[in-house]
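Protein chains in written order, with our numbering: chain A, 20 to 193; chain B, 36 to 676.
For the record, the hints were derived by calculation from the structure and aren't laboratory data.
Take the hints with a grain of salt, since some may be wrong.
Claimed, not checked - Keeping only pairs whose Cα atoms sit at most 27 Å apart, straight-line, the calculated DSSO-like set for lysine-lysine is: (1) A:K118 - A:K55; (2) A:K118 - B:K574; (3) A:K21 - B:K587; (4) A:K170 - A:K107; (5) A:K55 - A:K21; (6) A:K170 - A:K183.
Claimed, not checked - Some but not every residue of chain B turned toward chain A, in silico, with C-beta under 7 Å: (7) G345; (8) L346; (9) L349; (10) A353; (11) V354; (12) I356; (13) L361; (14) A364; (15) L407; (16) F408; (17) A411; (18) A631.
Claimed, not checked - Some chain A residues close to chain B (C-beta under 8 Å, calculated; not the full set): (19) G38; (20) I39; (21) G40; (22) V188.
Each residue gets a CB set at the ideal place from its N, CA and C atoms; glycine is no exception.
The chain contents come next:
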Amino acid sequence: MKRFMIPLGIFIVLVIFLGIGLKLDPREVPSPLIGKPAPAFSLALLSDPARQLSPAELRGKVWLFNVWASWCASCRQEHDVLLDLSKKGIVPIYGMDYKDQPADAQAVLNSYGNPYTETVVDRDGRAGINYGVYGVPETYLIDKNGIIRMKHTGPVTPEVLERKILPLVKELQQ
Amino acid sequence: MIPELGHFSLILALLLALVQGVLPLVGAARNNAAWMAVARPAARAQFLFVAIAFGALAYSFLSGDFSVVNVTRNSHSRLPEIYRLTATWGSHEGSMLLWTFILGLWTVAVTLFSRHLPEDMLARVVGVMGLVSFGFLLFMLATSNPFLRMPMAMDGSDLNPLLQDPGMVVHPPILYMGYVGFSVAFAFAITALLSGKLDASWARWSRPWTTAAWSFLTIGIMMGSWWAYYELGWGGWWFWDPVENASLMPWLVGTALIHSLAVTEKRGSFKAWTVFLAIGAFSLSLLGTFLVRSGVLSSVHSFATDPTRGLFILIFLAVVIGGSLLLFAMRASQVGLGGRFALISRESFLLVNNILLLTATGSVLLGTLYPLFLDALGLGKISVGPPYFNSVFVPLVTPLIFLAGIGPLARWKQVNVPELANRLKWGFGASVVAALLLPFTQGDWQPLVSLGCLLSLWIAVTVAISVRARLRSSSGWSANFYGMNLAHLGVAVTVIGVTMVSSYQTERNMRMAVGDTVTLQGYTFRFGGVEDIVGPNYKGSRGTLEVSRNGKPVSTMYPEKRIYVASGMPFTESAIDYGLTRDLYTALGESLDGGAWSVRLFHKPFVVWIWIGAVLMALGGFMAITDRRYRASRKQGRAAA
Chain A
20 MKRFMIPLGI
30 FIVLVIFLGI
40 GLKLDPREVP
50 SPLIGKPAPA
60 FSLALLSDPA
70 RQLSPAELRG
80 KVWLFNVWAS
90 WCASCRQEHD
100 VLLDLSKKGI
110 VPIYGMDYKD
120 QPADAQAVLN
130 SYGNPYTETV
140 VDRDGRAGIN
150 YGVYGVPETY
160 LIDKNGIIRM
170 KHTGPVTPEV
180 LERKILPLVK
190 ELQQ
Chain B
36 MIPELGHFSL
46 ILALLLALVQ
56 GVLPLVGAAR
66 NNAAWMAVAR
76 PAARAQFLFV
86 AIAFGALAYS
96 FLSGDFSVVN
106 VTRNSHSRLP
116 EIYRLTATWG
126 SHEGSMLLWT
136 FILGLWTVAV
146 TLFSRHLPED
156 MLARVVGVMG
166 LVSFGFLLFM
176 LATSNPFLRM
186 PMAMDGSDLN
196 PLLQDPGMVV
206 HPPILYMGYV
216 GFSVAFAFAI
226 TALLSGKLDA
236 SWARWSRPWT
246 TAAWSFLTIG
256 IMMGSWWAYY
266 ELGWGGWWFW
276 DPVENASLMP
286 WLVGTALIHS
296 LAVTEKRGSF
306 KAWTVFLAIG
316 AFSLSLLGTF
326 LVRSGVLSSV
336 HSFATDPTRG
346 LFILIFLAVV
356 IGGSLLLFAM
366 RASQVGLGGR
376 FALISRESFL
386 LVNNILLLTA
396 TGSVLLGTLY
406 PLFLDALGLG
416 KISVGPPYFN
426 SVFVPLVTPL
436 IFLAGIGPLA
446 RWKQVNVPEL
456 ANRLKWGFGA
466 SVVAALLLPF
476 TQGDWQPLVS
486 LGCLLSLWIA
496 VTVAISVRAR
506 LRSSSGWSAN
516 FYGMNLAHLG
526 VAVTVIGVTM
536 VSSYQTERNM
546 RMAVGDTVTL
556 QGYTFRFGGV
566 EDIVGPNYKG
576 SRGTLEVSRN
586 GKPVSTMYPE
596 KRIYVASGMP
606 FTESAIDYGL
616 TRDLYTALGE
626 SLDGGAWSVR
636 LFHKPFVVWI
646 WIGAVLMALG
656 GFMAITDRRY
666 RASRKQGRAA
676 A
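Only chain B is shown next, with the shape it has when bound in the complex:
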C-alpha cells in the first residue's frame, strides 16, 4: 500500500511539474499575472508530492518490504537501520528520487526567499526549474520506477558494502545539494536570456544561490574524497575516476561562475560570459549524472548502469543543454557585454582566472571522454590515467593560485602596477624564502614541494595583507569579503596537503607474522595477529597493530577484512590514526601460510589538510551568503515595489 502511495504521488508530482513548467513561463511571455502566480503554489505542491514519494521509499526500506524490487536488490534483513536509510538513495532509482527531491527543495527555497524578485522573473525561474523536474520525474516513471513490485522475496541481496559506511549517509545528499543547486543559477541564466534583462540586481540575486550550491558541492566532493581514502583501502584521496571527474567539472565551472558573477554585479561586465558559465555548470551536473548512470564509461563508482536509461538521459540532456545553448546563441548578444576595463585590472585578472578554470574543466572533460571518443571512432580502447591529469593540472593551477593572491588586492578598472608591486614585494619575498627552506623540515628538497609551499604561503600572505588593510580602513564588517578570504585560505591549506602527501608519502607492503615489527618514518608497527570477528551482516578477520614511537605507544590499530554474508563480497576496512601533521594508515591484505598476513602500511604527511582546506572553502562560501548586501537588496526591492 505505502509503495503504491509513493508511486501515485510521483505521478501527481509529474503533472504538477508540467503545470509549474508551462503556465508561469507562458504567463511571463504574455504578461498574464494570474498564470505567473501559479509558479509558487505549483512548485510547493510538486515538492510536497515528491517528498511523500521519498518518504514512502524510505519507509519501504526501513520496514524491509522485500516485495519492492528496489528494496530487495539493495537491502537485507540484517542490514543495520541507518544503512537501510542510506540504501534509499544507494540504488539508481533511489538516487534519482533524491535528485528530484533536492531539486524541489531548492525550488521551494527560491519561492520562499524571493519576495524581492519581480513577479515575471520569479515565474520564469520557477518555471524553468519545473521543466527540469518534469524531465527527471518522467525519466523515473518511464525507466526507473523505484516502487516496482515483485513476488515477495525471502530476503534482499544487501546494499553494496562500499556504501555501508557512515560517510555514505550524508555524502550523496550533500553532493546532490551542490549538483542540483546549480539549477537555480541555470534558471536565472535562462530567465535573463528569455527576458533580455541582465543587470546588477540580477547578478546580486543569483550570487548567494550560486555560492550556496558551490559550497555544498565543495563539501560533497571533499566527503567523497575522504570516503575513498578510508574506505577503498588504497590510501589514495583522488583517483581521477570518471565519477570523480564528473563532480569536479561542475565545481570548476561553478568556481569560475562565482568569480564572474562578482564582476557582473560590481562592474556590469562579463554578462554573456556569466550566463554561459551558469548554463555550463548545470549542464556539467547533468552530464555527470549521464556519465554515472548510463554506462558509457566504466568506473569503480558505477554502481548502477543500464543503456536504455542512458538513451533517455541523453535525449533529456540534448533537449535541456542543446535548448539552452541554442537560446544562448540567439539571445546572448542582447544581454550585452558590459563595461570596459584596462589590460591590468581586477577584471582582467578574473578573466584569466575564468579562462584557466575553463581550460582545466576542458582538459578534465577531454581526459574523461577521450577513451570514449577513440572507441566511438573505432581506434581502440585505452584508458586515461592520473599521469595525464596531473601533468595537465599542475601548470593550470599554478598561475590560478598566484592570481588568487593578487586578484583581491587589485583595483577594478585599472591597476596602478607600481603601487600594487610595492604592497606585495615583502610578502612575495618572504614567501619565496620560506618556500625554499620549508621542504628541508620534511627531508629532502624537491622543486615541486617548494612550488607548492610558495603558492600556499603566497595566498596566506596576500590574505593577511588584504585583511590588515581592511581592518585599518573605516569600512566595517563584510561577510562577503571575509568569506572570500577564508575560502582562499582554504585553497592554501589544501595545496599544502596535496603537496606534502604527494611528495613525502611512504608505504610498505609486506608479509607479517605474529610478533613481527616494521619501522616506517620513526613509527614502529608490531603485528599482534588476527582474530575472527562477526558483525551484524558480515563476518571477517581483524588484525591488531601496536604502533609506538621511540618506545612510547602511539596507538593500536585494527584493520579488518570482511566478507558480507548476503553478497559474499570480500572487503577491506582500513584503520587510520589521524593527526594534523601525519596519518598512519594500515590495511589488511591476504592471509598467507603459516599464520602470516600481507599488511599494507602508509605514512601520509599532512593528508588531512586536503579536507580541512575544502571545509574552509565551503565555510567561506556559506559565510559570504550571509552578507548584508543580499538582504538589504530585498528590503530595497520591497520598498521599490
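Chain A on its own, in the form it takes in the complex:
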C-alpha cells in the first residue's frame, strides 16, 4: 500500500531539515549594519563621567565594541573570556553599559575585573537603538575606517573568539 508510505516520507524529509537546523543558530540574525559605519554617539565614560567618548576618536584602529550590563546574567559568562582576551592585548575592547546604573556596573568591574579599555554609559539605551541592540550581550567588530565588520549576539565563548572574531581581527589589522 503505497499511500501508507506517504507519512513516513514526509517525516524523513522533516528529520533531515531538523538535523540541519541543529547546526544553525536561530539567534544569528544578520545585522543590516554590517558594512556600514558604526553609528555615532558621544557618551560619558564610566570611569570618569566628565569625559566623553565617540567612535570617531577610535579611527585608525580595529576595536571590539561589547554591549553589556550589570543585570545581564550571560554577560558574566563571557566576562572571563573577555578578560583573557584583554590580557593578551590583541585587540582593544570598548564596552557600552546598556540601560544600567553606573554604580552597579562599576561594582561588577571592581569585583570581577575590567576587560574594557573604556566603558561608555548608555543609561537610556538611545545609542543602543542605533546599533540595533535587541539582546545583551552583543559584540561588534569595527575596522580602522569605523566600519562595522561583524556582529555577534549572545555571550562570546572561547570558540566564537577563535573561529569568528580573531581571524577577522588579524585580517583587518593588516
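Position chain B relative to chain A; hints supplied.
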C-alpha cells in the same frame, strides 16, 4: 546523599523500563504468558523509582541544596517555598523528569484500569510505553542529569522571574498530563498494528484515555495562554510563538483523533486513519518537546536550549516516530479501512472535520518550521508572524465550526438532507439575524464580528436543538452525549471571546504624571503616582491607578515594575480588573523625567470568554469519560473472560 539516591533511582528506573519495554512485547509476540505478566509489576516498579527520583529532586530544591548544579542555576535562598517547588520542573532537567514521572503515572493508570483488556493487548500497550520511558530516562542520564553535583555554591542564580507565578505551579504538570497522555493512545495504536486487531472494543478502550489526555491538554494550553496574558505584560493571549504552536499541534490532531475514534467505535470506519492520528498526536507531542528543548527555533519561551541534547532528542524522535510510521506503512492495510458511508452522512462530516483539523495542523507546522527550512536551504532568515497564521486559520476554522453544529444532528451512514434542513432552518435563520445585529451593541458593525457571532450562535442553537430532541426521546442520561455538547458549547464561548477582543480592543500608551487622568471606553483612569516596594526576592516600583466610571469608583489597580535581586532582571507585573464583559488591563512602562511614567492601558471586551470556553471544552471531555459505556464494557469483558 538525597541527590545520589535520586540519581541511583533513575538508573534503576532505566533498567526496569528496559525490562518493561522488552519482555512483555516479546512475550506477546511469542504468546508467552509469563513474560507478558511482567508488564504490570515492571511498570509499577519503574514508576516507583521515577517517583523517588522526582521526590529527591523536589527535596533538593525545597531544602536549597546549592551543591546540586540544577538547584544553583534555578533557585535562590530568598525564593519563596512554593516557587522552589515550581523550580523543580522549571529547569530543562527537571521538566524532563516531570515528563517521565507523568508517563509513569499514565502507565500505572493503564495497569490499574485494564482488567477488561486481553493480556496480550495490555502487555503490548505497557511495553510500548516502557520503551518510550526508556528513551527519556536514557536521555536524562546521558545528557541532562538533574542531580549533577558541583562545589557548594554560596547561593543560586534564581528561578526565571517569568516562572515565579502561581500559574506556573500547575501549568507545566497539567500541560504534560496532556502531552504525555497521548502516549496511551499511541501505545494502543502500535498495539493494533502489531497484533493486526482493530475492532470496536479497541476503539472503546482507547477513547476515554484519548479524551482524558485531550482535556488535560486543553486546560494546559488555556492556562498557558492566560499566563501569557497577565504575565508577559503585552496584553496578548496568543502569540503564535513556536512553543505555543508546539502545544497547539498535538491538540488539533488530538481533537481529530477524538472524532475519528467515535467513528471507529460506532461504525468501524476510519480504522487506519485513527491509528495514523494516534501516532500523529503523540509524535507532535514529542516534536514539541524537541522544538522547545533543542534550540532549533528561537522563542520567548525557550528557557533552556542546548544543541547536544537536541541531537539526542532528534535521534530519539527519528527512532520512535520513524519506527511507528514504518510499522504503519507495513501493517496499516491489515488493519482495514472499515464500513462504507454515503456522501452526506455523519461519517463524511467527521471526515471533513478531520481533514480541516489536519490541514490546520499542517499549516501551523509549516509556519513554525518555515523559517528553519529557509535557513537550512541557505535562503536567508525570516520569521513567520501572526498575519500568516491568522489568515490561514480563520478560513479553516469557519467551516469546521459550521460542521460542529450539523455533525451531532446528522445520521450515521446516510443523511436525509431535506429532513435535516427542516430541523435546522429556524435555528440557522435566527443565528443569521442575531449575528447581523449583535455587533451594533459593541459599536461599529464589522463583517468579521458578525461571522464570529454567527458561528457561536450556530453552535449554541444546534446544541439546544439536539439536547431538546434528546430530552424528548426515551433515551436516558448519556455522559458521552452531554459531554460532547458541553465541549461544543465551549467552542462557541471561546469564539465569542476571540472575536470580541480581536475587533473591539482599545489601548492607550501614554505618559502620566501624578494626578493625570485618561478616559478609555467610558472608564476614567487617574494616576496616583508610584511608590517603592520590596518583595522577598525583588525590589521595585508600584503604581496606583484609580478607575472610575461615570464618577463611581470601579477599582484601584496596582501595576508593578520589579527588579529581581539575583538575576537583576527587570520585570513587568501587570494589574488586571477582570469582568465577564470586559477586562481592564494596565502595565507600568518606563520611568520618565519629572516623576512621570509611561503607562499602558487596555480595555479588552469579553476576553475571559476565551478561557471560560476552554474550561467548558475540558469539562465536557472529562464528563464524557464518565460514560457508563466505558465501564459497562469492563464488566462485559470480565464476564467474557
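Inset, instruction - Run the structure past the numbered hints and jot down the numbers of the failing ones, going up. - result: 3, 5, 11, 18 and 22
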